[in-house]
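Chains A and B are the protein sequences, given in the same order.
6 is the number of the first residue of the first sequence in my numbering; add one for each residue after it.
14 is the number of the first residue of the second sequence in my numbering; add one for each residue after it.
Source of the hints: derived by calculation from the structure; they are not laboratory data.
Ideal placement from N, C-alpha and C gives every residue a C-beta, glycine not left out.
Treat the hints with care, since some could be wrong.
Sample of chain A residues at the chain B side, in silico, Cβ under 10 Å [unchecked claim]: (1) S15; (2) N32; (3) M34; (4) P49; (5) G88; (6) D89; (7) G111.
List of simulated lysine-lysine pairs, DSS-like, C-alpha gap at most 30 Å [claimed, not checked]: (8) K24/B with K70/B; (9) K28/B with K70/B; (10) K43/A with K24/B; (11) K10/A with K76/A; (12) K43/A with K76/A; (13) K10/A with K30/B; (14) K73/A with K61/A; (15) K70/B with K30/B; (16) K76/A with K70/B; (17) K76/A with K59/A; (18) K43/A with K70/B; (19) K43/A with K59/A.
Footprint (simulated), chain A over chain B, 3 or more residues, beta carbon under 8 Å [what the hints assert, rightly or not]: (20) 61–69; (21) 74–85; (22) 113–122.
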Amino acid sequence: DQQVKQNSPSLSVQEGRISILNCDYTNSMFDYFLWYKKYPAEGPTFLISISSIKDKNEDGRFTVFLNKSAKHLSLHIVPSQPGDSAVYFCAASGGWGAQKLVFGQGTRLTINP
Amino acid sequence: GAGVSQSPSNKVTEKGKDVELRCDPISGHTALYWYRQSLGQGLEFLIYFQGNSAPDKSGLPSDRFSAERTGGSVSTLTIQRTQQEDSAVYLCASSLAGPGAQPQHFGDGTRLSIL
Chain A
6 DQQVKQNSPS
16 LSVQEGRISI
26 LNCDYTNSMF
36 DYFLWYKKYP
46 AEGPTFLISI
56 SSIKDKNEDG
66 RFTVFLNKSA
76 KHLSLHIVPS
86 QPGDSAVYFC
96 AASGGWGAQK
106 LVFGQGTRLT
116 INP
Chain B
14 GAGVSQSPSN
24 KVTEKGKDVE
34 LRCDPISGHT
44 ALYWYRQSLG
54 QGLEFLIYFQ
64 GNSAPDKSGL
74 PSDRFSAERT
84 GGSVSTLTIQ
94 RTQQEDSAVY
104 LCASSLAGPG
114 AQPQHFGDGT
124 RLSIL
């Protein structure tokens with residue numbers, strides 16, 4: 006039973022364009038959502054988060070959108086840069102396991118020059 | 014400032030041996046978490062410590078796994094009688110306690126290989 010799903014294992018985007026990564030969840034008790042970026046042989050790096058009381062949070066080139074009715078969140082990166090090439094994980098917490106994070110399987114983003 | 018530090022970065026051991034993995038959280042972070050990522054899998058929660066409260070052990074896969082956190086800082090994850098399916102990257106994270114939800118910050122992990 007996968008509570009957080011990233012249905013696209015990979016995504017390829019041209020440098021300078023917008024990258025949109027998607028994530029769906031099933032547990033309506035989740036109230037905090039995060040995006041992490043991961044390079045090979047390194048731990049996940051926190052990018053941006055959003056609480057369920059908001060529907061948008063922006064930090065520089067990164068914006069996270071939350072649609073609670075659809076149980077869907079997305080990460081927009083604009084403009085995309087070569088250094089953005091990495092695996093991106095969405096994660097969620099809340100409900101009974103309030104502190105532990107439940108992760109999606111990840112999406113590998115490749116930015117082409 | 015210093016991030017989460019894990020050691021060793023790599024560990025290769027024979028099946029049946031015990032292993033200890035160490036995590037130094039970010040100074041001032043009272044919450045500490047262990048996760049693991051098996052090959053081709055997402056990150057899986059193992060255990061969570063918060064201050065002096067009893068740890069949340071709900072993610073530990075078997076009684077061969079245990080963890081402790083001494084003095085509210087350094088944590089050790091111990092795997093006894095290792096099996097090949099224990100091979101994975103073990104990741105430690107720490108966070109502030111609040112107020113509200115706080116992001117977890119990860120170390121670079123220990124890559125454990127069981128021969």
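We went through each hint and held it up to the structure:
1. Taking 10 Å as the C-beta contact cut-off toward chain B, the hint placing S15/A at the interface is violated, the least distance being around 14 Å.
2. Because the smallest distance between the Cβ of N32/A and any Cβ of chain B comes to about 14 Å, over 10 Å, the interface hint for this residue is violated.
3. A least Cβ separation of about 13 Å between M34/A and chain B goes past the 10 Å threshold, and the interface hint is therefore violated.
4. Interface restraint check for P49/A: the shortest CB-CB distance to chain B comes to about 5 Å, inside 10 Å, so the restraint holds.
5. The criterion of a C-beta within 10 Å of any C-beta in chain B is not met by G88/A, whose closest approach is roughly 18 Å, and the hint is violated.
6. With a least beta-carbon distance of about 19 Å to chain B, the hint placing D89/A at the interface is violated under the 10 Å criterion.
7. With a cut of 10 Å, the hint placing G111/A at the interface with chain B holds, because the nearest CB-to-CB distance is about 6 Å.
8. For a cut-off of 30 Å, the pair hint linking K24/B to K70/B stands: about 23 Å separates their Cα positions.
9. Taking the CA atoms of K28/B and K70/B, the gap is about 24 Å. The hint holds against a cut of 30 Å.
10. For the hint linking K43/A to K24/B, the alpha-carbon distance of about 21 Å falls within 30 Å, and the restraint holds.
11. Note on K10/A and K76/A: the hinted pairing holds, with a Cα-Cα distance of about 11 Å set against a maximum of 30 Å.
12. For the given pair, K43/A sits about 24 Å from K76/A by alpha-carbon distance, which is consistent with the 30 Å threshold.
13. A hinted pair counts as satisfied when its Cα atoms are at most 30 Å apart, and K10/A with K30/B does not qualify at roughly 35 Å.
14. Taken as a hint, the K73/A and K61/A pair is honoured in the structure, with Cα atoms around 11 Å apart against an allowance of 30 Å.
15. A hinted pair counts as satisfied when its Cα atoms are at most 30 Å apart, and K70/B with K30/B qualifies at roughly 22 Å.
16. The straight-line distance between the Cα atoms of K76/A and K70/B is roughly 28 Å, inside the 30 Å bound, and the hint therefore holds.
17. For the hint pairing K76/A with K59/A, the CA-to-CA distance comes to about 13 Å; that is within 30 Å, so the pair holds.
18. A hinted pair counts as satisfied when its Cα atoms are at most 30 Å apart, and K43/A with K70/B qualifies at roughly 26 Å.
19. Between K43/A and K59/A the alpha-carbon distance is near 25 Å, which keeps this suggested pair within the 30 Å criterion.
20. Proximity of the segment 61–69 of chain B to chain A, defined as three or more residues with a beta carbon under 8 Å from a beta carbon of that chain, is established by the 3 residues found.
21. Counting residues of the segment 74–85 of chain B whose beta carbon lies closer than 8 Å to any beta carbon of chain A gives 0, which falls short of the minimum of three for the stated coverage.
22. Counting residues of the segment 113–122 of chain B whose beta carbon lies closer than 8 Å to any beta carbon of chain A gives 9, which reaches the threshold of three, so the coverage claim holds.
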